[in-house]
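Residue numbers (my numbering), protein chains in the order written: chain A, 1 to 272; chain B, 1 to 268.
Just so you know, these hints were derived from the structure itself, not from any lab.
In this text, a Cβ means the ideal position worked out from N, Cα and C, and glycines have one as well.
Each hint should be verified, as a subset may be incorrect.
Okay, the calculated bits of chain B under chain A, using three or more residues with CB under 8 Å as the criterion [stated by the list, open to error]:
{"no.": "1", "stretch": "37-50"}
{"no.": "2", "stretch": "137-146"}
Restraint-style ranges between C-beta atoms, simulated for each label pair [what the hints assert, rightly or not]:
{"no.": "3", "chain 1": "A", "residue 1": "Glu-163", "chain 2": "B", "residue 2": "Asp-37", "range": "22 to 30 Å"}
{"no.": "4", "chain 1": "A", "residue 1": "Val-81", "chain 2": "B", "residue 2": "His-129", "range": "30 to 38 Å"}
{"no.": "5", "chain 1": "A", "residue 1": "Ser-99", "chain 2": "B", "residue 2": "Ser-5", "range": "21 to 29 Å"}
{"no.": "6", "chain 1": "A", "residue 1": "Leu-34", "chain 2": "B", "residue 2": "Val-60", "range": "25 to 33 Å"}
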Amino acid sequence: MPGPSRRRRPRTTLTRGAGLGLGLATLWFSLLVLLPLAAVVATAASGGVRQYLSVLTDDQTWAAISLTVAQAALVTVINIVLGTVIAWVLVRDRFWGRSLLNVIIDVPFALPTVVAGLVLLTLYGPNSPMGLHFAFTRIAVWLALAFVTLPFVVRSVQPVLEELDVDVEEAAASLGASGRTIVTRIILPSLAPAITSGAALSFARAISEYGSLVLLSGNRPFRTEVVSVRVLSFIENGSNAQAAAVASVMLAVALIVIIALDVVQRVAARRG
Amino acid sequence: MVRTSTPTRWVLRLLAVGYLLFLVVLPLVMLIARTFDGGTANLIDTLTDPEVLSGLRLTVIVALWAVAINLVFGVTISILLVRYEFPGKRLLSALVDLPLSVSPVVVGLALVLVYNGRNGWFGPFLEEHGLQVIFNSPGMIMATAFVALPLVIREVVPTLTEVGEDQEQAARSLGANWVQTLWRITLPSIKWAVVYGVVLSLARSVGEFGAVKVVSGSITGRTQTATLVVEAKYQGFEQPAAYAVAFLLVMVSIACLVVVALVRPRER
């Protein structure tokens, strides 16, 4: 939306009907999303700073947090590399089955998370036909996170790569630039904002993932227990305050990612 | 266009295809193989299991309610965000995206904290008036509506921005009231975006697991949706039944993907 034209308009253009619609929509949104999320923060804060910190520095919780962050970071790095490669292959390469590949990318988005975990178990669990028994190990955690975050980088890089101006590459080539120079100096810099936003989304998703890990990771404390599983076990023990304390950290991460994405998009938009 | 040498091209191609093969395709094929291990008997047995049937029924009910709510809410919010100016608009537009990045478990916890009947903010009051939210279908519908909330909005807002308001203004200047303008001009112009958003919401709603698990308590035969049945069956050493229900859910997701693939080109 262009800034100047907005400033000239009046502060509100709501008619009476639209105002009523806005009121009802905001009410529902508050009851469904805002108040419950506020309740998480309020419950986390209700025990005071000391209790809050003692929950977060508990050995088992800390192990879960560091495992989740480490695995999410690893998965994100792999997504940055392979996601960009996959997007490149989908846009610039031509071979039989390419359009099928394009559909397969969306499968992790469409599949229920618990089914994703079960599907991975058939190949990488007990009675694996390839003898690859990764269930209940950290490799299983990585597999589940890689599966559910697969589409993010691919789907954010692909459209940018499609729109990329080929003339610039031709010009560079005609001036004697090598393929490697064109890739590192022209293509990758223009893909950087898309790769960053895809990476941020995939990191956020990996941090918050639960369903695909339930069957696959075995949820062993200190070994394969991730943050969301830790929150769930607090809830099941009736310790909502502890659950809320850990959950508030996850909310903060989600918020940071949203703000970072907004900044990246605005910087990219300004550069044109 | 940069020319990649033949070896480089093959390396990239094999890398992409191999990764997808081992991460997505082969596991999916294995699931189908395990489901039909010994013919269709497993699938038929599973489909006559009352626990599975009640799970499937509950999934349909919860998903339809959540999609209907998000459809009405999503279209309303989208029209407000694109066509009107009001204080707090930017904040609202940022906040509606929030549910996509919140962990399902946190979503469940958040709803439990407000709506549980023991010490929730509103729960005791609602239960006194005969409405149990947590461990009951209203809570499951809310949890599902929460996680799928932005999907309709994210599809409708760009389309609504793109079509502009010239036609709506023309209709109004010719004397159409707001109902006629909405019904004859605005809604037809965003039809495909709405369909796309609804299909995405449906896929997300059918597949929701974590948030629903927290608010439903996963009570066998009563508050277990299909995804919760998959978990319960697998952990109850009824793996073939878990594979069969998972297979049905895979079919639903693939149907959604096919519909999306058919709808997409029409939009352009």
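A quick look at each hint next to the structure:
Remark: the stretch 37-50 of chain B is not confirmed as covered by chain A, as 0 of its residues place a Cβ nearer than 8 Å to a Cβ of that chain, below the required three. Counting residues of the stretch 137-146 of chain B whose C-beta sits closer than 8 Å to any C-beta of chain A gives 3, which meets the bar of three, so the coverage hint holds. Range check, Glu-163/A to Asp-37/B: about 47 Å between beta-carbon atoms, so the 22 to 30 Å window is missed. Here the CB-CB span from Val-81/A to His-129/B is close to 56 Å, at odds with the stated 30 to 38 Å.
Taken as a hint, the range 21 to 29 Å holds for the pair Ser-99/A and Ser-5/B, whose Cβ atoms sit roughly 25 Å apart. The hinted range of 25 to 33 Å is satisfied by Leu-34/A and Val-60/B, whose Cβ atoms lie roughly 29 Å apart.
Checked against the numbered hints given earlier, this structure breaks hints 1, 3 and 4; the rest are met.
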